[in-house]
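If you read the protein sequences in the order shown, they are chains A, B and C.
Here our numbering = 1-based position in the first sequence + 513.
Here our numbering = 1-based position in the second sequence + 6.
Here our numbering = 1-based position in the third sequence + 24.
Since the hints were made in silico from the structure, they are not lab data.
Worth double-checking, as some hints may not be accurate.
Claimed, not checked - Computed spacing ranges between beta-carbons, pair by pair:
#1 B:R481 / A:L522: 27 to 35 Å
#2 B:R481 / A:V577: 18 to 26 Å
#3 A:K573 / B:I181: 49 to 57 Å
#4 B:P687 / C:S44: 28 to 36 Å
#5 B:I181 / A:L522: 47 to 55 Å
#6 C:E42 / B:K315: 25 to 33 Å
#7 A:L737 / B:R171: 51 to 59 Å
What the hints assert, rightly or not - Which chain B residues face chain A? A few, computed with CB under 8 Å, are given here:
#8 W54
#9 W66
#10 P67
#11 K226
#12 F227
#13 R230
#14 K315
#15 Y377
#16 Y378
#17 A380
#18 K384
#19 L385
#20 R432
Ideal Cβ placement from N, Cα and C applies to all residues, glycine included.
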Amino acid sequence: MLASLVLFLISVATGIGLLWVFRRTSDQAAIRATKKRLQARLLELRLYADDPRVVLAAQKALLVENLRYFALMLRPALYATVPVVILLIALDGFYGRRPLAPGETAVLTAVLDGQAAPDEPVSLEAPTGIAVETPAVHALARREVSWRIRAEEPVAGQLRLTSEGETVLMPVVAGEGLHCCLYGRRVRSRLAWLLAPGAAPLDARWVKEIKLDYPAAEVSYFGLRTHWLVWFLVFSMAAAFLLKGRFRVTV
Amino acid sequence: MSSAAGLLLLALMSAAGLYFDGGSGQHLAYIGPGAGFAFLGSFLTLLWAFAVSAATMLTWPVRMAWKAAKRRRSLKKARVKKLIFVGLDGYDPRTAERLMAEGRLPNLSRLAKEGSYRRLRTTFPSLSPVAWSTFATGVSPARHNIFDFLNRNLKSYLPELSSSRVNKPRRVFKIGRYHIPLSKPSVDLRRKSIPFWKILGQHEVDCTILRIPITFPPEKFNGRLLSAMCTPDLRGTQGSFSFFSTRNESVTYETGSRYPLQRSGNVVKGVLEGPDHPLVPDAGKLGVPFTIYLNGARNSATLEIGGEKYPLRVGEYTPWVPVTFKAGVAVKARGICRFLLNQTEPDVNLYVTPINIDPENPALPISHPSYYSAYLAKLLGAFATVGMAEDTWALNEGAIDEEAFLRQAWMIHEEREKMFFNALDRLREGVAACVFDASDRIQHMFYRYLEGRADGPLADTIEKMYQRMDELVGRVFRYVDEETVLFVLSDHGFGSFRRGINLNTWLLDHGYLALKDGAETAGPYFKGVDWSRTKAYTLGLAGLYLNIAGREAEGIVQPGAEAEAVKAELIEKLSGLKDPATGETAIQRVYATNRLYRGPYLEDAPDLIVGYNDGYRTSWAAAQGIVEREVFTDNPKPWSGDHSVDPVLVPGVLFSNRKIAAEDPGIEDLAPTALELFGLPTPGHMEGKSLFQAAAPA
Amino acid sequence: MAGYSSPQEFVEHVLEKELSKIEESESDEEILNKLKGLGYID
Numbered sequence: 514m515l516a517s518l519v520l521f522l523i524s525v526a527t528g529i530g531l532l533w534v535f536r537r538t539s540d541q542a543a544i545r546a547t548k549k550r551l552q553a554r555l556l557e558l559r560l561y562a563d564d565p566r567v568v569l570a571a572q573k574a575l576l577v578e579n580l581r582y583f584a585l586m587l588r589p590a591l592y593a594t595v596p597v598v599i600l601l602i603a604l605d606g607f608y609g610r611r612p613l614a615p616g617e618t619a620v621l622t623a624v625l626d627g628q629a630a631p632d633e634p635v636s637l638e639a640p641t642g643i644a645v646e647t648p649a650v651h652a653l654a655r656r657e658v659s660w661r662i663r664a665e666e667p668v669a670g671q672l673r674l675t676s677e678g679e680t681v682l683m684p685v686v687a688g689e690g691l692h693c694c695l696y697g698r699r700v701r702s703r704l705a706w707l708l709a710p711g712a713a714p715l716d717a718r719w720v721k722e723i724k725l726d727y728p729a730a731e732v733s734y735f736g737l738r739t740h741w742l743v744w745f746l747v748f749s750m751a752a753a754f755l756l757k758g759r760f761r762v763t764v
Numbered sequence: 007m008s009s010a011a012g013l014l015l016l017a018l019m020s021a022a023g024l025y026f027d028g029g030s031g032q033h034l035a036y037i038g039p040g041a042g043f044a045f046l047g048s049f050l051t052l053l054w055a056f057a058v059s060a061a062t063m064l065t066w067p068v069r070m071a072w073k074a075a076k077r078r079r080s081l082k083k084a085r086v087k088k089l090i091f092v093g094l095d096g097y098d099p100r101t102a103e104r105l106m107a108e109g110r111l112p113n114l115s116r117l118a119k120e121g122s123y124r125r126l127r128t129t130f131p132s133l134s135p136v137a138w139s140t141f142a143t144g145v146s147p148a149r150h151n152i153f154d155f156l157n158r159n160l161k162s163y164l165p166e167l168s169s170s171r172v173n174k175p176r177r178v179f180k181i182g183r184y185h186i187p188l189s190k191p192s193v194d195l196r197r198k199s200i201p202f203w204k205i206l207g208q209h210e211v212d213c214t215i216l217r218i219p220i221t222f223p224p225e226k227f228n229g230r231l232l233s234a235m236c237t238p239d240l241r242g243t244q245g246s247f248s249f250f251s252t253r254n255e256s257v258t259y260e261t262g263s264r265y266p267l268q269r270s271g272n273v274v275k276g277v278l279e280g281p282d283h284p285l286v287p288d289a290g291k292l293g294v295p296f297t298i299y300l301n302g303a304r305n306s307a308t309l310e311i312g313g314e315k316y317p318l319r320v321g322e323y324t325p326w327v328p329v330t331f332k333a334g335v336a337v338k339a340r341g342i343c344r345f346l347l348n349q350t351e352p353d354v355n356l357y358v359t360p361i362n363i364d365p366e367n368p369a370l371p372i373s374h375p376s377y378y379s380a381y382l383a384k385l386l387g388a389f390a391t392v393g394m395a396e397d398t399w400a401l402n403e404g405a406i407d408e409e410a411f412l413r414q415a416w417m418i419h420e421e422r423e424k425m426f427f428n429a430l431d432r433l434r435e436g437v438a439a440c441v442f443d444a445s446d447r448i449q450h451m452f453y454r455y456l457e458g459r460a461d462g463p464l465a466d467t468i469e470k471m472y473q474r475m476d477e478l479v480g481r482v483f484r485y486v487d488e489e490t491v492l493f494v495l496s497d498h499g500f501g502s503f504r505r506g507i508n509l510n511t512w513l514l515d516h517g518y519l520a521l522k523d524g525a526e527t528a529g530p531y532f533k534g535v536d537w538s539r540t541k542a543y544t545l546g547l548a549g550l551y552l553n554i555a556g557r558e559a560e561g562i563v564q565p566g567a568e569a570e571a572v573k574a575e576l577i578e579k580l581s582g583l584k585d586p587a588t589g590e591t592a593i594q595r596v597y598a599t600n601r602l603y604r605g606p607y608l609e610d611a612p613d614l615i616v617g618y619n620d621g622y623r624t625s626w627a628a629a630q631g632i633v634e635r636e637v638f639t640d641n642p643k644p645w646s647g648d649h650s651v652d653p654v655l656v657p658g659v660l661f662s663n664r665k666i667a668a669e670d671p672g673i674e675d676l677a678p679t680a681l682e683l684f685g686l687p688t689p690g691h692m693e694g695k696s697l698f699q700a701a702a703p704a
Numbered sequence: 025m026a027g028y029s030s031p032q033e034f035v036e037h038v039l040e041k042e043l044s045k046i047e048e049s050e051s052d053e054e055i056l057n058k059l060k061g062l063g064y065i066d
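Let the hints inform the model, and build the full structure from the sequences given.
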């Protein structure tokens, strides 16, 4: 309940924040003028419905105005992207996945470095409350090693993966409800980390990436359960739509 | 989820500003509502446009077949594809002929040479609402019911606007001090008969009618129309300006209003007054506060109103500024106005144009279809909508100077040009007509220069205006081909207005009008007139009315023989009336309207129309029903030209690219001509006849 | 019917004349306000 409320408030705040960004970074006069011309061309389709020549010309103008509209949106959208992406990643860490429920299983996968031998033994140690159900399964072609683990009781600990004398840790959480910073992925490449940051980058030589496929979470409002991003989209857009007049923003 | 549903979701999410990231595919990144709206809005716009276009294209053959069938019945004799009317209000033949002779109007000269030029008989009286109504309907005033700008109310003797009437909502729900209307205010058009464009529309001839006077409220017809003269401003007046000043001065304006500005350092505050509160009758007027931030000695400032900022420079108009008057949560009246900073030191003076009805969100209907004005405003920019948009009274009363008036008039003219060329660009078959008013307003305000009564840098303003209108005609030539007929016409000409005549005073002096309690003068709208002893009175610009028993509430002149006798007396005494101060003939002739025209609305007409001589007009006071001490007074106002004179003196002009047969064309002939060009017969009620038909032998 | 553009106009005119007999007049102030700004009239 509290998590849902917080997501709602963050969504609304994001909508307002983005209105502010739009107001500061977009050419509002040009957007207004372009929107008016778009509306005019739509009205023209009705006013001159009997004249195909005018209708075609209006359609052409509509396309041109649409392109202009997109171009005008580009700048504020670019400004908005960086903070919003960071926010979304943070939110996804909380709302995107949920911890393993006791009795639930998940697959842990380590993607090996290209220099390492594909069948190099990798050992896995799980904290108390997490059982390793299978031995390591090597997918040689993909250079991956996988285990199935099962949660036995609520726990927040570290899975320890060791190979070539180096040990890396992968956080694991089991329990009910949502959990903060539930990252199901660690990577070594800084570029990959930038594209999908989660827990701290890996620093071992033998492994490129570790993945733990937590179950996807859903958030419920009004009795409807769906992915949190859908709610975020709905609430932020609704807030922006309702408040754009107050903020004197045209989008 | 099926692949089809997945694709749909993907499309919708993409449209809403979502995209998949380039990494693991786990994250969805969302740009935000702005981009979301952009994509969704554009997506829906294009979808709608595509749907409308597809529907248009798919149904086009059927509609065209239907239209062709309708047209074939009536338009097989059509002689043209396009008919274009360029109306130049008040374009005077004497000035035009002189300038043509001097080679200064090449385009009109070309029309006269290759086509036709005639002086165009105007209506009795020679007033724009009367003449343009005759242009539209092809009938005399007795058949279209417009005789002047004003009518008199037969019960109260008070004036009323002749062309339209805005009625309050019929049903109102009262809760405490709130009066909540349960219906919209209705607007009645008082012009009767039927305009030619309505008849053409019935026969599927496409018409775009722009700013032809007396088209408010807009009538429904098969075409597009933008209203003009007599469209009110947002305050419900015919256009009242606002003048703001930090100077504490008790100046009152006849038409505009003066308001205080509060100055504190470089910050100046005021409130723009709007319409009456629509829900609380005694709450006064709605207002929008504004602030001016002065920028030191640079003659510039910043205006903040409605949360938006606009740069101000002394002597320069702002663009149209939208203003919203709020009377509650959802009750708003939207208008547009321009601001003109007159000076910043020692006092701040600010002129604001009348608050025009916003064409994008009109508070009253100003176009047909209702969204046509919004279309024009969104595509071409906001434009003046009030009937007489050029603020002659602001110049008359010194709120703006001549240069500011001229700039305003030409800005409005440019708006009209844009609309007209928008219509011409889209005209393939049918009619496009537009009336340009700058020619009338500029002559009203600068005529004293033309006749040499004033001199200065603006002395050639009227001549320049004639040339500019000629250039406009030149640009219209691009749209004229062998299957097009072009008419350039004016509704009347122009003359000088040096002296005013107060016929109410003359009637008092000659025993036709009486005042109560032995008073020597009477206030506006006949305050103090003793109707029980009054036989005749004047109101408005052109007419004299008899106080007829059974017609006027307190009439004493018996209809029939007595009325005819009184009329005969007045005609005899007033015709040839001399101005004792100058010795000039002030009134050429007085006309009995029942001899001028016949029709069902004759009983509403003035009984007599006064044919003033050039240089004379009804005085400002007489037009308002005032009785002064003097019959003749000087006209000191910048409004120095007029056409409310003997119509014989002020014919209009008529140019055409085709040879016309009529030797003495009248403005009533244009409507039958328009019908005839599209193969339609002249309806029996019309009094004009086609210009291309030779006159019947006498 | 002479001079009317249609029978409908004739009927409307007859009705308007009858209605005008019972129509209430506007107040002086309202009337004068509506005429404000008409260039030709002071």
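Q) Of the hints stated earlier, which fail here? A) Of the numbered hints, 1, 5, 6, 10, 11, 12 and 14 do not hold.
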